[in-house]
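Participant: What follows is the residue order along each chain.
2 protein chains.
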Amino acid sequence: MTPSITQTSAPVADSHVSFYADDLTISFNQNPTQFTDPRTLMMKMTDHMLQANWNVKTGWSAPAIIPYAPLPLDPACSVLHYGTECFEGLKAWRNKKTGKVHIFRPDLNARRMNKSCDRIALPSFSDEEFVKLLLKFVQIEKRFLAWEGEVEMADEDDHDFLYLRPIMIGTTPQLGVATPSDAMFLIIASRIPAYNSKPLRLLASSPEQAVRAWPGGFGAAKVGGNYGPTMRPMSAAAKHGYDQILWLFDPERRLVTEAGAANFFVVWSTPAGKTEIVTAPLSNGTILDGVTRRSVLELARERLACESLEVIERDFGIDEVVKAHEEGRLIEAFACGTAFFVAPVAELGVDGRDIKVPLESNGKSKSYAQTIKKWLTEIFTGEVEHRWAAEIE
Amino acid sequence: MTPSITQTSAPVADSHVSFYADDLTISFNQNPTQFTDPRTLMMKMTDHMLQANWNVKTGWSAPAIIPYAPLPLDPACSVLHYGTECFEGLKAWRNKKTGKVHIFRPDLNARRMNKSCDRIALPSFSDEEFVKLLLKFVQIEKRFLAWEGEVEMADEDDHDFLYLRPIMIGTTPQLGVATPSDAMFLIIASRIPAYNSKPLRLLASSPEQAVRAWPGGFGAAKVGGNYGPTMRPMSAAAKHGYDQILWLFDPERRLVTEAGAANFFVVWSTPAGKTEIVTAPLSNGTILDGVTRRSVLELARERLACESLEVIERDFGIDEVVKAHEEGRLIEAFACGTAFFVAPVAELGVDGRDIKVPLESNGKSKSYAQTIKKWLTEIFTGEVEHRWAAEIE
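Residue numbers (the numbering used here), protein chains in the order written: chain A, 1 to 393; chain B, 1 to 393.
Derived by calculation from the structure, the hints in this document are not laboratory data.
None of the values given here were measured: they were computed from a predicted structure.
Please note: incorrect hints may appear among the correct ones.
[Said to hold, decoys possible] Computed cross-link-like contacts, DSS-like style, restricted to lysine-lysine with a CA-CA straight-line distance of at most 27 Å:
#1 B:K239 - A:K57
#2 B:K57 - A:K44
#3 B:K356 - B:K239
#4 B:K44 - B:K96
#5 A:K57 - B:K44
#6 A:K115 - B:K239
#7 B:K57 - A:K239
Please model the entire structure based on the sequences and the hints provided.
Facilitator: Right under this line is the structure:
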């Protein structure tokens, strides 16, 4: 008799549930980009893309890493007409001392992308398989983060990233407005420069004229329809020297929502002398559940909150910010997101005048934004070990 | 001395202003679709597409009619990420008696598409050149509306159309959220069946849960972001047997806006005994300036309005409709749009109950919807001569 073997049964791969990393095939680009200094590749797409296709009847195909190339899309396909598209953005970074590459909390991007897909009538997938594929893809493309022979930057905080862009698009050629029967999942990447954290000038929008999102809409989903319509207002603001729009909501209450495509935080002291770090809540579905936002909140609650400092998610109006400024209680403000990281705000354009926002907390050597940014940097660069940094093998 | 010649100087074609029909080139499809009965081609795309490309520096390229084929789009291009896309829809129809093909008010589609392009940060073009190109394209593809040898339909009102779909998409490969520097204009077409005007069942949305558009948003522009996000709510409504959602806006006032992707009209008598044909106004920017909507309003004002019948554009709530129903004053309701044409509404699902909407006006042989539909049909089929019908040579 053979001894009985206790086996944890592997889950059966079901193509209607997800794509699977175990099914991944790789076709290497036969003309790989030649370079000695990867900084010359800035903003260029890398050599490969990861692709998986879905059909409502057959489910997901095996994912494949293939040479980066144009997609032959039918002119009638859903994404080009009805905005059936969503995306994610995250960064891979190489620690120059250890040579190791990390990405930051990819599980949160997986979960959010699934939510966006559901909102925009695209198929779902397993969060775990998404993360596995993302790590595999970075493993193939991490040479674009080469550090041997790379000239050290002047500022050691100034790191270049591999920006990772997963997208999902509806590919059914069909002129009727209907849920797509076919979709494509892609991961593409580009080397991008570290965001230079020049303090931002934000222009508060007029909620009678331009509104980014609405309760019952889709402001919490990372879908194309949240971005294209912001470009004209953004260009108009840029003509007046503003970096981004601070999106207000509701003509009466003028609630502060997002800064450009990033989340927004304000730090003020209350008339009673308490310090508050405040950001808009997720409850009304008008702002994005940012990975950086969530991380800032968690770190601030873990490491800053005390008797005299509170971290708060609640609705607040631009008039509260103006009042705090007028009463000398405004401590600082910052925007955060994958693209911006944690960027201090220097000025807020409100009702035709510019409010100067303090850049250093009163009497302290570092602002809250700087402190939190330093903590986050230590984590995603792998300088300190932390559960949020996923290491690429 | 040569006599002076008075010449009207032709406008100089400026590629930064528009594409031009005079520059059009045609490459015929070498494998044209073979058919004897064009009805077998239903929902298939025709043999050609019209394409013009734009770049911010060089302006518009010469437009070209080329064989219908997949578009090789860079995976990083704007339209796939940020919803930089807009479209139009219109129908070409062949009069079986005269053999002539007409399209309906293409100048209005040109104007609206320019507005949509502006809203979504895409380039503009000349309305006139758009119409000229559309007519040229239909001239090439009108064989898909062949009528010789075509079996007559049982119902003479039941006509097949060539559905024309102009689109504009942002094609710049660029991962940053920014106005595209490149765009593509396309016209594609498909033969589609006449909409079978089975009376519709509409489900009034809960404006706390699902909102199509909002003031300061982009509900008046024909951009992708207005369509993708409606698919999940629409599927949920379809599971309960509804054909479309009647989109309400504002939790308190519950204003009636659009029916699916069509405009909505209600006909009721006032307590004072006057008849009113009512639809939502364009003023708050949440509904589409429909070509059919506009035509219905114009014809109704021209041919129906009198001392006792008024045609009105104003905000109205679903509760007014319910009240009119309860008091026996609801005469009829209909949806209208290019896809639906003029479709009577049989039922409205409101707050968990279904309101039966009369399908025939009290005591009259034809409903207002039927009357207006007949007038519109006579115009676009070329049965009566009218300035709204553009004839294809």
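Participant: Now look at each hint and say whether the structure bears it out.
Facilitator: Now the hints, each set against the structure:
1. B:K239 - A:K57: holds (19 Å)
2. B:K57 - A:K44: This hinted pair holds, its Cα atoms lying about 21 Å apart.
3. B:K356 - B:K239: Roughly 19 Å between the alpha carbons, so the hint for B:K356 and B:K239 holds.
4. B:K44 - B:K96: holds (22 Å)
5. A:K57 - B:K44: holds (21 Å)
6. A:K115 - B:K239: It holds: about 21 Å lies between the C-alpha atoms, which stays within 27 Å.
7. B:K57 - A:K239: Distance of about 19 Å is within 27 Å: holds.
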